[in-house]
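*Asks:* Chains as they are written, first to last, in the working numbering: chain S, 486 to 596; chain E, 250 to 361.
By construction, these hints were calculated from the structure, which means they are not laboratory data. Heads up, some of the hints might be wrong.
[Stated by the list, open to error] The following residues of chain E were derived to be distant from chain S, with all beta-carbon distances above 10 angstroms:
(1) Met262
(2) Gly263
(3) His328
(4) Gln350
[Stated by the list, open to error] Taking lysine to aspartate or glutamate and the DMTMM-like style, the derived pairs with C-alpha atoms no more than 25 angstroms apart in a straight line are:
(5) E:Lys290 / E:Glu301
(6) S:Lys530 / E:Glu301
(7) S:Lys487 / E:Glu301
(8) E:Lys289 / S:Glu488
(9) E:Lys271 / E:Glu305
(10) S:Lys530 / S:Glu490
(11) E:Lys268 / E:Glu349
(12) E:Lys268 / S:Asp492
(13) E:Lys289 / E:Glu301
(14) S:Lys527 / E:Glu302
(15) E:Lys289 / S:Asp562
(16) E:Lys290 / S:Asp562
(17) S:Lys527 / E:Glu293
(18) S:Lys487 / S:Asp542
(19) S:Lys527 / E:Glu333
(20) E:Lys290 / S:Asp567
The model shown is predicted, which means the values in this text are computed figures rather than measured ones. Just so you know, even glycine gets a beta-carbon here, dropped at the ideal spot from N, CA and C.
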Amino acid sequence: RKEVEQDPGPFNVPEGATVAFNCTYSNSASQSFFWYRQDCRKEPKLLMSVYSSGNEDGRFTAQLNRASQYISLLIRDSKLSDSATYLCVVNRDNAGNMLTFGGGTRLMVKP
Amino acid sequence: ETGVTQTPRHLVMGMTNKKSLKCEQHLGHNAMYWYKQSAKKPLELMFVYSLEERVENNSVPSRFSPECPNSSHLFLHLHTLQPEDSALYLCASGLAGSYEQYFGPGTRLTVT
């Protein structure tokens, strides 16, 4: 089983749509969770951390289900500029140094 | 604009060449990382330096040799690479004890 598993997509959605991505992780001891965004041929950039109680940043909402070892990202009112690959990321150690990245889910928002 | 720079941005090298990748961070961080990103595969952590000490080797072949002379600079020395080593090599930095990492633009390496 992969340490962090994501549906690779692509998810093709029209502008204004709501889209949700899911991610599962295998290490039940993981404590820190993130979503990164990677544009085509660019470096990954931190989008948001994922907190136990769920958190929202504008149009983006992240949820964590520890019992199911499942993380989600919801994007409301999709924009063309949201087109990118979204990487689910989980900590690998407790020293604050190492992350495990999922393979990413590609989103394409069409006019 | 990223506070982490990498040079060169593109590199083509033969299997018998020796080359080095350079990373520099201007963010005041004290942890630095090398990742490999191959097509259709997740980012793979190669090396971690925290407070200038190597923390993780992650079973990387010895043809890759990291060097971290200070907290702002990180090198990846390459020798006798294989074609399957062709990939995007990303450097990242962060604060020791924090999981937030900031990536450089990467070096796209092609081994012929």
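*Asks:* State the violated hints by number, sorted upward, taking the hints as numbered earlier in the document.
*Replies:* 4, 5, 7, 11, 12, 13, 14, 15, 16, 18
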